[in-house]
Each structure stands twice: as C-alpha cells, then as structure tokens.
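Heads up: the protein sequence lines correspond to chains A and B, in order.
Quick note on numbering: the first sequence equals residues 1 to 205 in UniProt numbering.
Quick note on numbering: the second sequence equals residues 1 to 205 in UniProt numbering.
These are computed hints drawn from the structure, not numbers from a lab.
Among the hints, erroneous ones may be present.
[Said to hold, decoys possible] To give an idea of the chain A side of the interface with chain B (calculated C-beta under 8 Å), a few residues:
1) F3
2) T38
3) V41
4) E71
5) S75
6) H76
[What the hints assert, rightly or not] Under the rule of at most 30 Å between Cα atoms (straight-line distance), these lysine-lysine pairs were calculated in the DSSO-like manner:
7) B/K35 - A/K35
8) B/K50 - B/K6
9) B/K133 - A/K24
10) B/K50 - B/K35
11) B/K133 - B/K159
12) B/K35 - A/K6
13) B/K159 - A/K24
Glycine included, C-beta positions come from ideal geometry on N, C-alpha and C.
There are 2 protein chains.
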Amino acid sequence: MNFSSKLLENAVYEFSRLPGVGQKTALRLVLHLLKQDTGDVQRFSSAMVKLRTEIQHCGTCHNISDSAVCEICASHKRDHGLICVVEDTRDVMAIENTNQYNGVYHVLGGLISPMDGVGPADLAIDSLVERIKTGEVNEVVFALSATMEGDTTIFYLHKRLKDAVVIISTIARGIAFGGELEYVDEITLGRSIATRVPYENSLSR
Amino acid sequence: MNFSSKLLENAVYEFSRLPGVGQKTALRLVLHLLKQDTGDVQRFSSAMVKLRTEIQHCGTCHNISDSAVCEICASHKRDHGLICVVEDTRDVMAIENTNQYNGVYHVLGGLISPMDGVGPADLAIDSLVERIKTGEVNEVVFALSATMEGDTTIFYLHKRLKDAVVIISTIARGIAFGGELEYVDEITLGRSIATRVPYENSLSR
Chain A
1 MNFSSKLLEN AVYEFSRLPG VGQKTALRLV LHLLKQDTGD VQRFSSAMVK LRTEIQHCGT
61 CHNISDSAVC EICASHKRDH GLICVVEDTR DVMAIENTNQ YNGVYHVLGG LISPMDGVGP
121 ADLAIDSLVE RIKTGEVNEV VFALSATMEG DTTIFYLHKR LKDAVVIIST IARGIAFGGE
181 LEYVDEITLG RSIATRVPYE NSLSR
Chain B
1 MNFSSKLLEN AVYEFSRLPG VGQKTALRLV LHLLKQDTGD VQRFSSAMVK LRTEIQHCGT
61 CHNISDSAVC EICASHKRDH GLICVVEDTR DVMAIENTNQ YNGVYHVLGG LISPMDGVGP
121 ADLAIDSLVE RIKTGEVNEV VFALSATMEG DTTIFYLHKR LKDAVVIIST IARGIAFGGE
181 LEYVDEITLG RSIATRVPYE NSLSR
C-alpha cells in the first residue's frame with residue numbers, strides 16, 4: 001500500500017501484526033484512533049504496556065493475575081480439594097462464567113502437541129503433580145478441548161496422576177443443550193448413546 | 001465476562017472500543033500481546049501515541065502527512081493544475097495505488113450528510129474554492145462515493161465552482177473490469193448503456 005505518512009505506515013504495520021488483522025482492517029482501526037482524543041489514545045496504549053509489564057502468574061494455579069496469588073486460589077469460599085485442569089486463561093473465564101464450578105484451577109499453558117514441538121516439559125505439569133502430592137486434593141477434573149492434542153494431554157496426565165489417590169474425571173461430552181440431532185456429527189452422537197445417563201441427571205439446572 | 005485480572009479487563013475494554021472489535025476478539029488480541037516481548041508491546045503502543053500526537057494535515061490538500069506540506073503537494077513531478085477531490089485519506093491511497101493519476105488532491109474530510117449533521121461548513125470546501133481562485137487550476141475531478149451523500153456533495157461543489165473557469169469532471173461510473181453482466185444492478189447497467197463510450201476509449205491499460 002502507498003502511505004502518505006511514515007507514522008501512519010508504522011502504526012498500520014504494528015496493528016497488522018496482530019492475529020487475524022489484515023492491512024485494510026489495520027488501516028481502518030488506525031484511522032479511527034487518529035480521530036480520537038489524544039488522551040484516549042494514550043489510555044489505550046498505556047493499558048497494553050501496563051498489562052504486559054505488570055501482569056503476574058499465580059504461583060499456585062498459573063492463571064494470569066494482578067498479584068502473586070490469584071483471587072480464586074486466595075478465596076476461602078472455594079473448594080481447594082477440587083482442581084480443574086485447563087489449557088489457558090480463556091478456559092478459566094469460560095468456566096467461571098457458567099457459575100457451576102466452585103473448585104480451583106490449574107492452567108497448563110498449552111496442550112501436548114509433538115507437531116508444534118510442545119512436550120510435557122513445556123507445560124505446568126510438574127507443579128500439578130506437586131499440588132496433588134500435598135494430599136489435600138480429592139478430585140482432578142480435566143476440562144481440555146476434545147481434540148487430538150487435548151486427548152494426548154489427558155492420556156499423559158492420567159498416567160502421571162493415576163498412582164496419586166485422587167478421583168480423576170473429565171467434563172461430560174455429548175450433544176449440546178439446544179443442539180438438533182440431525183446436525184450432530186456421528187462420533188458425538190454414537191458416543192452419547194453409548195454413554196447415556198439416567199434421565200434425572202440429564203436435566204439442565 | 002469474568003476477568004481474573006483488572007489489568008486484563010482494562011486492556012480488553014480499551015481494545016473492544018475500536019470499531020468492529022467485540023469483547024471476544026479483544027480478549028484474543030490482548031492475550032496475543034501478552035505473549036509478545038515487552039519491547040514489541042512498547043513499540044506497538046508508542047506507534048499509536050506517536051501517530052496521534054505527531055501527525056499533521058497538509059496545509060494545501062488536508063491529507064494526513066508527516067510534515068506541514070505533504071509529499072504529493074511538494075512534488076514538482078505532479079500536475080498542480082489538476083485537483084482530485086476525495087472524501088478521506090483512504091481514497092488518496094486507493095487512487096495512488098492505481099498509478100493512473102499524476103495530479104494533486106483535495107481531501108474534504110467527509111461528505112455532506114444532513115442526517116449525520118454534517119454540513120458544507122464542516123468540510124474543507126472553502127479552502128478548495130481558495131485554491132481554485134489562484135488561477136493555476138485547470139481541472140477538478142470529483143472522486144466521491146456513488147451514494148446519496150456523495151451525489152449531494154458533488155451537487156453542492158458544482159454550484160460553488162461552476163463560475164470558476166475550470167473543467168469539472170467526475171470519475172467514470174459503469175461496469176467494473178471483470179464484472180459479469182448478469183450480476184450488475186439495473187441502474188448501473190442502464191446508465192452504462194446510455195453513457196456508452198467509443199470502443200477505443202474502453203480498453204483497460
């Protein structure tokens with residue numbers, strides 16, 4: 001593209017490096033910022049720098065946090081004997097939004113993926129084993145994506161954890177609430193028949 | 001959404017104020033920035049602040065520029081007797097990318113739109129009239145959108161400029177190169193038959 005200004009070109013370049021943002025979208029966003037008050041643009045910029053420089057990871061669950069121990073791990077209202085293992089912060093937020101879970105979390109920081117060069121040593125797995133060794137944990141729930149990487153990670157974690165005296169469970173898989181049968185893929189439908197549950201347990205709360 | 005961190009929440013809020021960026025997209029972009037080096041994030045932020053605080057508008061054509069007179073207005077290779085009137089900077093960039101235009105520009109900064117409360121006084125129209133009064137301009141080309149606002153603006157400008165001894169033209173309207181006849185709307189097709197041109201003039205260069 002033919003920019004009339006180096007400053008503009010530079011700002012568009014920086015924006016277009018974000019995932020899913022092409023050059024045209026970047027230009028539209030930058031021209032929008034250009035129309036805002038200087039104070040607004042400074043607030044936008046400093047929010048990003050502040051986030052990057054001041055954010056911490058909880059020493060217990062590795063979730064991103066404003067302090068050394070996150071709010072969830074510090075809470076006395078939470079069941080610290082129940083740990084939900086997730087891939088990243090977004091999953092914590094998604095589960096928190098359901099208001100259905102009262103335990104604590106453990107953020108792995110990714111999934112085992114030999115294709116992408118991610119092995120068990122790159123993830124927060126040793127610290128999960130340490131947490132369980134304390135003897136205060138009753139149950140570990142795996143809430144990982146139903147993908148090859150998710151299944152591989154669950155398989156590996158199960159092998160590492162099976163000697164510890166804890167209940168190991170995974171979140172239920174099946175047909176989504178509101179989902180129409182004819183559009184469900186065959187594997188999900190087949191498994192959800194094979195792993196059918198008593199009617200009383202199936203009601204959405 | 002239930003954020004585990006005020007810093008994260010704030011950064012997502014600032015991002016989601018951009019046009020077309022929802023909260024989920026904002027979160028995805030912010031978590032991406034969080035994985036980058038601190039230096040990269042600082043470069044991203046300072047590019048935005050620098051753009052907002054240091055950018056200027058060319059005193060002649062009102063295009064955004066790094067200096068008081070933009071590169072195009074300062075160039076001796078350009079035909080300063082030919083002015084192309086456009087809505088904003090993006091149109092200048094689009095026309096420059098065609099490599100088909102060697103004149104200069106005049107950026108109105110918007111279009112007349114009574115619905116949005118934009119009148120002639122809000123646009124850079126008086127300065128266009130001044131430029132033409134110098135007597136060095138031979139032709140004014142309107143390159144505005146083919147919308148109600150664009151047509152209204154052309155109508156108003158034509159009234160203001162018709163007493164000046166300049167040629168007034170608009171960019172050609174018709175069927176796009178590569179366009180298939182059956183998908184063209186009726187108004188465009190009808191007008192392009194009525195305003196047909198000699199075959200020799202129609203070849204794309």
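Need the list of violated hint numbers for this structure, in ascending order. Checked against the structure, the hints that fail are numbers 5, 6, 9 and 13, while the rest are satisfied.
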